[in-house]
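Same order as they appear, the protein sequences are chains A and B. Position 73 (the first sequence) corresponds to 484 in the numbering used here; numbering is contiguous. Position 375 (the second sequence) corresponds to 771 in the numbering used here; numbering is contiguous.
These are calculated hints, taken from the structure and not from any lab test. Among these hints, one or two may not hold up.
[Said to hold, decoys possible] Each pair of labels, with its calculated beta carbon distance range:
1) A:E480 / B:T638: 21 to 31 angstroms
2) B:T676 / A:D488: 49 to 59 angstroms
3) B:G567 / A:Q414: 44 to 54 angstroms
4) A:S419 / B:S1003: 51 to 61 angstroms
5) B:R614 / A:Q414: 57 to 67 angstroms
No residue lacks a Cβ here, since even glycine has one placed at the ideal position from N, Cα and C.
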Amino acid sequence: MSQQIPVSALQAQCECIIRSLGSDEKTAHRLAQMGILPGNHLRIIRIAPLGGTIEVVVGQGQNFALRQEEVAAMLCDVVAMPLVSELVIAGQNYRIRTLLGGKTFRRRMEKQGLQEGDLVQVNNTGEKPFPVHLVESGEDVELGEGEAKKIIVEVTAGGPHS
Amino acid sequence: MVPTPESLTIALGAIPNSGKTTLFNRLTGASQSTGNWPGVSVEKKSGSFVLGEYSITLIDLPGTYALSPATKEEQVVHDYFLQSPPDIILNVVDARNLYRGLGLTLQLALSGLPMVVCVNMIDEARRQGVVPDVKVLSQHLGVPVIEISAKTGEGIPELRAALYEVIKHPGKTRPPHMSCPPLIEKAFVELAENITRAEIASRLDPTFLAMRLLEDDRPQQWLQNDQVTTIARRLRQQLEQTLKTSMPVACADCRFNAARGLTLEAMHRQPVPEDPLSKTLDRIFLHRWVGLPIFFLLMLLLFQGVYGLGTPLQELLASVFDLAGSWLAQIKPVTALPVWLQSFLLEGLWQGMAVVTSFIPLIALFFIFMSLIEDSGYMARAAFLMDRLMHCLGLDGKAFISILLGYGCNVPAVMGTRILSSNYSRVMTMLLIPFTLCTARLQIFIFLTAIFFSPAAAPWIIFLLYGFSFFAVISMGLVLKLFNIGGRPEPFIMEIPPYRLPLVRSVGFRAWHELKDFLSRAATFIMVGVMLVWFLIHMPIDAQPASDASWAGHLGQAFAPVFEPLGIGWQETVALIFGFIAKEIVIGGLAVIYGGTDPALLTGHISALQAMSFMLFCLLYTPCVATIAAIWAESRSIKITAISLGSGLVFAWITSFVFYQAALFLGFH
Ligand SMILES: Nc1nc2c(ncn2[C@@H]2O[C@H](COP(=O)(O)OP(=O)(O)O)[C@@H](O)[C@H]2O)c(=O)[nH]1
Ligand SMILES: [Mg+2]
């Protein structure tokens, strides 16, 4: 389901497929000319230190700087996001795409039973520590918010966003 | 098609960061000249080179993403192609960024004009093991495609040979095929038929014209054929209603679909790997916590590099001029002249030359450092970091650097606005720079605060003046934005290029051409300004210079009622006229006016409050004739130059008035 991503949910590692460039014609025109078009994947690399401006990578290659409002105006299909994100819907399945962070972090997560490729659910978003349900093993684990932020999950086929 | 005169025009078109400027320098060497495209502050560069028996004029078009205009630059390129198509197009694409580059390439190839495409940065591509197959590209585009490296010079002889071949045997070009949705295709065909039937004389392909017509908001501006433009407008409306997208977006979609396919084929489906160096460097330079401190550190280095090195050089030049001036004043042929003529030669002409020369080290250093920052790719990062701060003024982060450098000297800062990405930013920034507290103004302030305030208070006054200058820049920015001066801000979408090692050659070229440009475009203006001031101060001949009997004195007295409510007497008004030449000489001017040699005697003539009001006025009114000259040379617009002059004077007057009257009201003297 295509949606507009609210400004507050624009975080690093969010990825979506652009469906429409938004209603401002001038911006849409300019985006299109630079090869940023509906159908392209757009992934947020980072937010500027002062906020407001974000760096994205579009398609396979080029990096761009855009303003938040311009991305927020686009219609997108969300593909991936950090586990701590208002885009994550409680009680739905997500697949772990990447564990950001070093070896120790991975080992710690593995001990908890979390690996890349696993299916997870978040039950009550907003709670601390962060409860995560492991779909395959049926276990529940609790993560620190900092840990959950480093877990990038993607939407599964037939999931809530498709 | 191509006639066989001895001289031909080749237009160099490419998207930004593809190495267009580097190639331009390679091909034309030192034979370059700069100007503006008519009516806009977009730089126009052209150069020449010889190709066999032909003499070629190479025009460096502004870097643009497409011919369907979304920005002023694109408008310029669009108008150029439609109104005076070049004999040959030379297009550059970055081998590592084929997809994005090919969007424009396809549009250009469809024009039907003879064309050669260079795949640039082949050295870099080879190092990464991703070399595009130029045969595939050439086959699809229907034009010769050459691998080059503008940096190392590889492939340049082949490029020249290919251009020569295209001139010699123009042949019929075969525009590339691009598949669009059937509805759009049909519209292209229908419109192209109408264009052919209307017998519009153009070297451009009818289908290309049809595409331009359908994407253009105001086709009647370049096509004087109501019948065709009416059909175009009708077709566009129908298409936009059915497809539910605007035509430029729909056309970009076709174009980039074709570009994507072509890239895959030319790269033999091999993906271009990420640039690991850029990724690592960005982790540091754009880091959430260290990114900004590094930025400010680099800005400090930049500022020190330009002014720390430049100011001593400037002073050195000034003392050389002084020495030479006093030597000239003694030699026979000069002393034999009438006194007024001696004064004109030494204090008018010679002084003017001294002012012009004093900018040379600053401008050279300024552009050396700016090119380093720009060519390395850091400029885009700086823009990203500072964007939020400048956004409220409708500017992007690059403008921050320009304004910051204004705190050293306004002249190179104004010249540097040409690196900004939109017309709006350039105009806004060049109007804001004059409100920065440049070092010349600082000299006045240091001097006046030292004689009017206690040593403990003086630094605070200077600090307050700096603060006020920031405030002035921001509030003036908001006012200018409100009045839409410079048009509407453009959407900020900036490509972030990979980091690259700047070429010494390119940096040197840049500095050299900017200097040449300054001397040819701004120097005359400065000389005229300085001499004008000389006349005001020294005429009539029998009057004591700068006295109440001189023209400047008359002018000061005529304006006395205007300046009186600011606490500024006619003598200081004359000093302000001096300040028009260069702020440095205001102090000397005051000494001359009060007829003494020791300017510290000033305390006997004006109060501290009046001095403060005078300083506020100095901070805000027109910086100096050289800045005005630079603004004029950059904008080529009398209107913008006048706005700059006017806004400075009005703002200065209001500020001093409010300050002085409020202080009097509060009981200060
Ligand atoms: N490695 C490599 N770098 C290049 C080449 N051509 C240009 N560059 C670099 O790419 C950057 C952008 O070049 P420039 O000519 O300013 O691009 P423009 O924006 O298209 O005018 C500069 O740092 C150049 O030194 C090339 O052939 N090889
Ligand atoms: Mg360039």
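Structure-based check of all given hints:
1. The beta-carbon spacing between E480 (chain A) and T638 (chain B), approximately 29 angstroms, falls within the hinted interval of 21 to 31 angstroms.
2. Checked against the hint of 49 to 59 angstroms, the C-beta distance between T676 (chain B) and D488 (chain A) comes to roughly 31 angstroms, which is inconsistent with it.
3. Evaluation of the 44 to 54 angstroms hint for G567 (chain B) and Q414 (chain A) yields a pass: the beta carbon distance comes to about 52 angstroms.
4. Our hint of 51 to 61 angstroms for S419 (chain A) and S1003 (chain B) holds, since their Cβ atoms are close to 56 angstroms apart.
5. Range check, R614 (chain B) to Q414 (chain A): Cβ separation about 36 angstroms, and the 57 to 67 angstroms hint is violated.
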